[in-house]
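Novice: This is what each chain is made of:
2 protein chains.
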Amino acid sequence: MFQTFEPPTGAAETGPRVARVRALMVKAKIDALLVPRADEHQGEYVPGSADRLKWLTGFSGSAGSAAVGPSTAALFLDGRYTLQARSQIDTSLFEILQVPQNRPADWLKLTLPEGATVGFDPKLHTLAEIERLEDALAPKKIRLKALSRNLVDSAWGRKRPAPPAGPVKPHPLEYAGVPAEDKIAALQKLLAEAGEDAVALTLPDSIAWIFNIRGADVAHNPVVLAFAIVPREGKAELFVRPEKITEEARSHLAPVATLLSPDELAKRLAALKSDGKRVRLDPETASWWFAQQLGGAKRIRRGQDPCILPKARKNDAEIKGTRAAHLRDGVAVTRFLAWLDRQTAAGTIDEIAAAEKLEFFRAETQALKEISFDTISGSGPHGAIVHYRVTKATNRTLGAGELFLLDSGGQYVDGTTDITRTVAIGTPTREMCERFTLVLKGHIAIAVAHFPVGTRGVELDPLARAALWQRGLDFDHGTGHGVGSYLSVHEGPQSISKRGMAPLEPGMICSNEPGYYKEGAYGIRIENLVLVTPPQPIPGGEREMMAFEALTLAPIDRRLIVTEMLSADERAWMDRYHARVSALIGPELGPEERAWLEAATAPLA
Amino acid sequence: MFQTFEPPTGAAETGPRVARVRALMVKAKIDALLVPRADEHQGEYVPGSADRLKWLTGFSGSAGSAAVGPSTAALFLDGRYTLQARSQIDTSLFEILQVPQNRPADWLKLTLPEGATVGFDPKLHTLAEIERLEDALAPKKIRLKALSRNLVDSAWGRKRPAPPAGPVKPHPLEYAGVPAEDKIAALQKLLAEAGEDAVALTLPDSIAWIFNIRGADVAHNPVVLAFAIVPREGKAELFVRPEKITEEARSHLAPVATLLSPDELAKRLAALKSDGKRVRLDPETASWWFAQQLGGAKRIRRGQDPCILPKARKNDAEIKGTRAAHLRDGVAVTRFLAWLDRQTAAGTIDEIAAAEKLEFFRAETQALKEISFDTISGSGPHGAIVHYRVTKATNRTLGAGELFLLDSGGQYVDGTTDITRTVAIGTPTREMCERFTLVLKGHIAIAVAHFPVGTRGVELDPLARAALWQRGLDFDHGTGHGVGSYLSVHEGPQSISKRGMAPLEPGMICSNEPGYYKEGAYGIRIENLVLVTPPQPIPGGEREMMAFEALTLAPIDRRLIVTEMLSADERAWMDRYHARVSALIGPELGPEERAWLEAATAPLA
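Sequence order for the protein chains is D and X. Just add 2 to the spot in the first sequence (first one is 1) and you have the numbering used here. Just add 2 to the spot in the second sequence (first one is 1) and you have the numbering used here.
Just so you know, the hints here were simulated from the structure itself, not pulled from any lab data. Keep in mind that the hints are not guaranteed to be accurate.
Claimed, not checked - Computed cross-link-like contacts, DSBU-like style, restricted to lysine-lysine with a CA-CA straight-line distance of at most 35 angstroms:
no., chain 1, residue 1, chain 2, residue 2
1, D, K279, X, K111
2, X, K142, D, K269
3, D, K520, X, K322
4, D, K191, X, K142
5, X, K500, D, K500
6, X, K56, D, K191
7, D, K500, X, K191
8, X, K142, D, K275
9, D, K279, X, K147
10, D, K275, X, K111
11, D, K111, X, K279
12, D, K300, X, K322
13, X, K275, D, K191
14, D, K443, X, K500
15, X, K143, D, K237
16, D, K125, X, K300
17, D, K142, D, K300
18, D, K237, X, K111
19, D, K500, X, K300
20, D, K275, X, K300
21, D, K371, D, K322
22, D, K300, X, K161
23, D, K147, X, K300
24, D, K142, X, K191
25, D, K443, X, K520
26, X, K161, D, K111
27, D, K443, X, K443
28, X, K56, X, K161
29, D, K111, X, K275
30, X, K147, D, K275
31, D, K143, X, K279
32, D, K143, X, K111
33, X, K520, D, K500
34, X, K142, D, K237
35, D, K142, X, K275
36, X, K147, D, K300
37, D, K143, X, K269
What the hints assert, rightly or not - Far from chain X, by Cβ distances over 12 angstroms, these chain D residues were calculated:
no., residue
38, T93
39, G159
40, T248
Glycine residues also receive a C-beta, built at the ideal position from the N, C-alpha and C atoms.
For reference, chain D alone in the conformation it holds in the complex:
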């Protein structure tokens, strides 16, 4: 199993831990300490050795930060996590505050006296984050102080886990499509054009992409925790702990990178500084420490991490790979859905059993490397918790007359999948069906959309909401995120959301996952991954338009569709999609499953 269902450990020990950190704060002469969830790479998943926020507060979610003052402390979380945190942390130690309404800067200004000093670990905060914080604190003359050691690590002491040492493996050219040499050469050309001497890369998925390597340092993301410096000319430098380097990786990397220990990084940055090199740094993703080593915020060349955009534009090999991965994954999901329909008659399946069975079907493909995130397996009211993660403590039977929401994905060497299906257990209510159909209308609006070159995700997001809006309903997450190629299931720069300011480009993969959540009752989400297709002429039209190709292949529960709420075009899409699922998945199934699929993908009546 790639996931556990253990309830998070309680907050019992956090009292003494906070006390130990406060004692160290006094010694360090600071009035408050910032403790972010982020590690040195600003990733969504962090290894146990870097999960300082959880160690200190008990909160186990994937985003947040804490601020510890002399006698008070606060945990800053977005709306997804405030409820979960309440059951995980000792609220007499930490006040829970929701961002963006309450930001750390506001709390610091409110609780600290004028002229106070706030300590931070310069490796854990981005340059942009510290600059914004400095601006916000300036009116109250509160000063930020970069600490030379991490006080949480000091308090944690010898019980802190060792940093991860997942082996580095080459990512075969068959799946990567472009040799690392060529990717680096393209990046170097870009540096030359920009008049920059080098770029420092700090994002693990950028490094995995450009060197065509994969690793096993953090859960669910096959990345290597490492840093790199790519000069305008000559060999790149890859800073990675030597014990991770397999013989295979060494010979793969030899032509393109000099391998150095992360301990060498400061020295190499200092050399770039003293040589007067113009080094690009991404202020939104690289830590403040990098800028400091390079001579300060004014010395660096600010620019986006140059791997982000080419990594997002999948090449032909990656597109071929993702199609194969989705076919394989679709078979597993379809087999699961068929199995579930057989079982629920008995009423004995619970959320954990469902998640386990789904992972079993994926593992049976013999190609599953990992799951791409902790499965969200929510029955009834749990389906309404957008980021629900089932544990033995919360586990719940799939009851008759309820909806079951299952959001999951697999990591395969040829692609990363992410799919949500919402299934009726027993007979759904009319309201459930109507709202499912409104969500489906939003899903179809994205699925069939044509849009011109230059269109950004922010412009498509409302198409997925309009049907809900007309009925006084909405959902509180984006319609879609970018997805990597055997990399992170959340990847930029594109997103179909209010924040989606990057133009969509051919080859980009996005999720299409509108939803509806009725608190305490049920949740609905319908998610396919979609591929942006190149601009194509439209018969009778004048301008070429891009569109989406659905990659995900699994039936959408027809029992939840109110056919008369769909337009003729919407019905046609639904039937067309189901016919395609049947044609591609059917041949991979046994007779019983195939019969089930035929019924599940029959045209709408």
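Once you've looked at the hints, dock chain X against the given chain D.
Specialist: Just chain X, lined up with the frame of chain D:
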């Protein structure tokens, strides 16, 4: 008449003018000179005395700028104007370059040597504009030099028109809704909360709004060209030429403002500077000169002009006024459309006659203060020119089998209108009708949209395009702009467009004007003004939603609608809108016109 149809004067005199300016450039020791269209207030319309770009180049459009080098010069225009300019200017003197692909900075870098000096009039460029230019020119060490006198004015000499002296009139409380005292008090509260000592106001429509005054300094916009300083406490200072102040205006302004000559402005800003006051300035709208007078870019407090947002949120009196203005204007437009249908049988109407007749019907209301912009009266291929302005030289008969596009508006004391109707002259082709119907579908999508609090115009813009996109069509302008209350017909911060980042709020007025343009053949645009309505519960829904109320009242040409391309909901909206137009406009018409209106607003067959 509030408009003329004279062709713009030729470019014959611009050669000697450019030569005179170049001679002055040598004396001023600059290698190039920037000549923007903007005046000191950055408005869309400028008085003749400030129309330096037209004097120098012959170009008469509403946006653009020129750069003059020692032997070459360029005119920078957006896509709307490049064609028009080609017929107006001497292209041996000025190269025409399209922004944003070719920006002045690029041209300057390309044509000037390293270390060159570029002169600019510090009163005509915003602070942000100069800062961006400095950044862009820095790599080539090109320096910007603020000139103490405007070289174009010097070259223009005594032939330059006198600055305008339109009388200032109080805007009655009945229409303004809120006394100037209260508006100023609210602004002062905001300054106190922000810790600012004063704000400098430079936008004429902000000043007209906050002091409840209207003027006649520029065409089509009833603004007063003036500046103001509003301190956190005490009386505002209004810098306006004394000859504009009528007795009526003097007693209206006495309680709220000290009246000073514009010549006093520099002195007052210097006093704020020497007193160490924190003065808010909008870097996007205030000139570089203001920042300079206040001690430089680092000394000012940057922030949006604080009148922009409250001015955009119309109050109850303004909403009542705009409804009355639209009813009045709708009667005039409907009478015009009825007249046009009677005339075109004879085939004798041309674009100018149509524009004149429409203005005649508006004038007949006895309430027309001005038109709100030069009427766009485009028959056949002229309809495809988005900002077409008919002159005696381009005037064209409305021919059978063509479309006629008419975009116009009125300024009334109670509101500003802006309406576009596209009318079939004779029998339209099937393609015209189909594309008209696609545009109508976009118009209706906006008209019926419900959307949650916080929704920005950028999120609604694609709803107006989706039907066109599906057919490989699009239009190259925003779907809608904000509109003032007896003020500018183009007003921010809201817009329904790719650039529409301001949340829509109740009381804001926008245009809803999707279009389609077939170059050389015909143009289609369907424009109503719409009012954002407050969040309202929706039966069966959970969240309150905002929506739009159509303010504009005039029939949409049914002869161009392909009914079977509309959904049932879309047909219902069309019939409902027409029924409302009939019910409200019908009683204001004579029997013949009323009969025409009844047929024009009959339900779709």
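Novice: Kindly indicate which numbered hints from before are broken by the structure, ordering the numbers from low to high.
Specialist: 3, 6, 12, 13, 22, 26 and 32
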